[in-house]
Amino acid sequence: MSQLSVQSVVKRFGDLVVLDKFDLDVAKGEFIALLGPSGCGKSTLLRIIAGLERPNGGDLHIAGRSVTGLAPEHRNIALMFQSYALLPHMTVIENVRFPLRMRGGGDRETQRAKALEALALVKLDHLADRFPRQLSGGQQQRVALARSIVAEPDLLLLDEPLSNLDARLREDMQVELKRLHESLGLTTIFVTHDQSEALGLADRVILMNRGRIEQAGSPEDIYSRPRTVFAADFLGGANIIELDVQGSGETWHGTFADGTQVPLAHASDLTAGKRKFMLRKEAVVFSPDETMATVEGSIETQNYLGGQTRSLIKVGDIEIIALTDSDRTETGRHATRIGWRPEELIPLQDA
Amino acid sequence: MIGATPRWVLGATAFFLVAVGLFMLVPLLVVIASSLSSSEFLVFPPPGLSLRWYGEILGSDAYLNAGWTSLKLALGTVVLALALGTPAAIALTRFRFAGRAAIASVFLSPLILPSLIFAIGLLIVFSRYAAGPSFLGLVIGHTVITMPYVIRTVSANLADIDPNLDEAARVMGARWWQRYLLVILPQCRTGMAAGAFFAFNISFDDAVIALFMRAPGVETLPMRIYSTLEFSPDPSVAAVSTVMIAMTMLLVVLLNRVFGLSRIA
Numbered sequence: 001m002s003q004l005s006v007q008s009v010v011k012r013f014g015d016l017v018v019l020d021k022f023d024l025d026v027a028k029g030e031f032i033a034l035l036g037p038s039g040c041g042k043s044t045l046l047r048i049i050a051g052l053e054r055p056n057g058g059d060l061h062i063a064g065r066s067v068t069g070l071a072p073e074h075r076n077i078a079l080m081f082q083s084y085a086l087l088p089h090m091t092v093i094e095n096v097r098f099p100l101r102m103r104g105g106g107d108r109e110t111q112r113a114k115a116l117e118a119l120a121l122v123k124l125d126h127l128a129d130r131f132p133r134q135l136s137g138g139q140q141q142r143v144a145l146a147r148s149i150v151a152e153p154d155l156l157l158l159d160e161p162l163s164n165l166d167a168r169l170r171e172d173m174q175v176e177l178k179r180l181h182e183s184l185g186l187t188t189i190f191v192t193h194d195q196s197e198a199l200g201l202a203d204r205v206i207l208m209n210r211g212r213i214e215q216a217g218s219p220e221d222i223y224s225r226p227r228t229v230f231a232a233d234f235l236g237g238a239n240i241i242e243l244d245v246q247g248s249g250e251t252w253h254g255t256f257a258d259g260t261q262v263p264l265a266h267a268s269d270l271t272a273g274k275r276k277f278m279l280r281k282e283a284v285v286f287s288p289d290e291t292m293a294t295v296e297g298s299i300e301t302q303n304y305l306g307g308q309t310r311s312l313i314k315v316g317d318i319e320i321i322a323l324t325d326s327d328r329t330e331t332g333r334h335a336t337r338i339g340w341r342p343e344e345l346i347p348l349q350d351a
Numbered sequence: 001m002i003g004a005t006p007r008w009v010l011g012a013t014a015f016f017l018v019a020v021g022l023f024m025l026v027p028l029l030v031v032i033a034s035s036l037s038s039s040e041f042l043v044f045p046p047p048g049l050s051l052r053w054y055g056e057i058l059g060s061d062a063y064l065n066a067g068w069t070s071l072k073l074a075l076g077t078v079v080l081a082l083a084l085g086t087p088a089a090i091a092l093t094r095f096r097f098a099g100r101a102a103i104a105s106v107f108l109s110p111l112i113l114p115s116l117i118f119a120i121g122l123l124i125v126f127s128r129y130a131a132g133p134s135f136l137g138l139v140i141g142h143t144v145i146t147m148p149y150v151i152r153t154v155s156a157n158l159a160d161i162d163p164n165l166d167e168a169a170r171v172m173g174a175r176w177w178q179r180y181l182l183v184i185l186p187q188c189r190t191g192m193a194a195g196a197f198f199a200f201n202i203s204f205d206d207a208v209i210a211l212f213m214r215a216p217g218v219e220t221l222p223m224r225i226y227s228t229l230e231f232s233p234d235p236s237v238a239a240v241s242t243v244m245i246a247m248t249m250l251l252v253v254l255l256n257r258v259f260g261l262s263r264i265a
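Chains as they are written, first to last, in my numbering: chain A, 1 to 351; chain B, 1 to 265.
Since the hints were derived computationally from the structure, they do not count as laboratory data.
Quick reminder that beta carbons are idealized off the backbone N, C-alpha and C, glycines included.
One or more hints might be untrue.
Selected chain B positions facing chain A (Cβ under 7 Å, derived; list incomplete) [stated by the list, open to error]:
(1) Asp162
(2) Arg170
(3) Arg175
(4) Pro186
Take the sequences, apply the hints, and build the full model.
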């Protein structure tokens with residue numbers, strides 16, 4: 001039995017179709033990322049799951065119960081807002097106690113004890129009697145997180161949970177979220193436009209585009225085997241290269257516009273003709289060995305990034321970006337040979 | 001930014017600042033000084049100092065009754081203005097409905113409309129449809145002219161709060177009445193306090209509506225001061241005014257203690 005089941009949900013704002021017969025099943029305890037560019041419908045989907053938005057069609061089940069027409073206050077869920085939405089006139093502990101108070105479990109002291117427990121989980125029990133305005137942004141977010149988990153909701157929803165934090169805090173919070181999920185096992189769905197957050201946190205990434213699922217799968221799967229140009233581009237910004245494909249059986253090769261030929265893997269996905277391929281920037285190496293596909297090119301510009309260096313390499317008319325370890329990078333503008341393992345060229349569907 | 005503002009502009013600004021400050025403060029000082037006069041007559045500067053006029057007003061039934069009437073009137077006005085103005089402000093800021101802008105301007109019109117015109121209208125209505133002017137009529141009149149202040153201050157308050165609070169409370173399981181009681185109303189506290197302060201001061205200070213709605217046996221403090229000035233001007237008027245000034249300042253200090261003035265003004 002799935003914890004959340006979204007069945008052909010449709011949402012329109014006027015003529016604009018935001019969700020187009022959307023289906024999604026989430027198992028108990030899963031950690032799901034809804035990933036996509038702004039306007040892809042991910043936030044609307046989250047609001048529909050929370051009950052803050054009414055779908056124009058379709059059905060919604062949470063923990064086996066149909067909730068399609070149910071008001072948010074009657075769904076046993078938690079939603080952490082991007083703005084945290086802490087109640088400014090209540091202390092930290094009263095904020096965390098609020099869901100327990102509303103759902104009416106136990107007396108005041110039991111509720112306070114539970115709230116304090118939730119605060120301890122995010123290591124803020126020592127600030128229980130402060131007011132939200134006396135806390136830093138990162139601390140406020142942890143209060144919001146404690147408030148979201150305190151009532152053991154059927155679903156934990158997070159709206160862009162890391163976007164208001166600076167880079168350092170964001171890393172800490174990623175660790176925190178993962179740790180909390182592993183210890184509490186709450187079914188969690190979060191919305192993000194940042195691919196590294198989605199890949200770093202989720203068990204399953206739902207990549208959305210124009211109100212539909214573009215591709216769904218484990219982070220490794222979706223990153224290394226994107227099916228479409230959109231997926232390849234949105235996840236990590238890969239090189240998209242068009243080749244002329246020829247071959248049969250197990251031996252295939254692709255031809256660049258300037259005539260250079262490279263061997264291709266993934267034989268079962270290939271047909272003869274023009275085809276777009278993805279090549280991850282970090283799959284490109286300098287001084288390739290003989291098992292690799294190689295091309296002649298010239299280094300145009302380079303950006304030193306510390307541990308890695310990004311190089312723009314011209315191969316005929318096309319540009320290939322390589323992201324290589326700095327100690328394995330040739331520097332300076334000059335002609336060179338680059339290469340990659342044949343299976344790194346991933347054939348994509350057009351569209 | 002060095003030399004961004006010419007010196008003569010800075011000089012002129014300082015001059016006007018001092019001038020405006022003087023025009024606001026000097027009348028208050030004149031009143032306070034006159035109240036300490038030993039003379040029988042309201043003259044400035046006072047020929048000698050004494051506290052006799054404070055004793056005089058505290059021993060005068062006319063002043064004490066008028067003060068009590070004014071206090072009841074002002075408190076009644078505050079209660080009604082808050083009870084009507086706060087929900088109006090909540091509705092006007094939180095909901096989008098047909099005629100919203102029109103209703104907002106009607107509610108705020110007493111700020112622009114001369115109170116004289118309003119007072120005449122009120123008198124006509126009460127003479128025609130009620131048993132003429134009365135204390136209740138005064139409370140109603142003052143509520144109308146002070147409610148816009150409550151609406152303004154509470155609206156300003158509500159505009160500042162996180163719009164997600166209400167939805168967050170819903171998701172946490174709060175029913176509609178719990179959201180009003182536990183989330184929205186507590187957010188209006190500072191605006192309600194500021195609005196109550198304005199309402200109290202305006203009601204306590206009003207002479208125009210009180211004059212038109214003069215009812216037998218109902219005399220407010222400003223009316224008492226007015227008729228004393230008209231018939232037998234003596235420093236008791238200045239003493240009452242000084243008490244009123246002190247009261248206002250006390251209220252400001254109190255509000256500042258509890259809410260912080262910067263969050264109210």
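Results of checking the hints against the structure:
This hint holds: Asp162/B has a C-beta 5 Å from the nearest C-beta of chain A, less than the 7 Å allowed. Using the Cβ-Cβ criterion of 7 Å, the hint placing Arg170/B at the interface with chain A is satisfied: the shortest such distance is roughly 5 Å. Satisfaction of the interface hint for Arg175/B is found here, the shortest Cβ-Cβ separation to chain A being roughly 6 Å, below the 7 Å cut-off. The restraint placing Pro186/B at the interface with chain A holds, with a minimum CB-CB distance near 4 Å, inside the 7 Å limit.
Of the hints listed earlier, there is not a single one the structure fails to meet.
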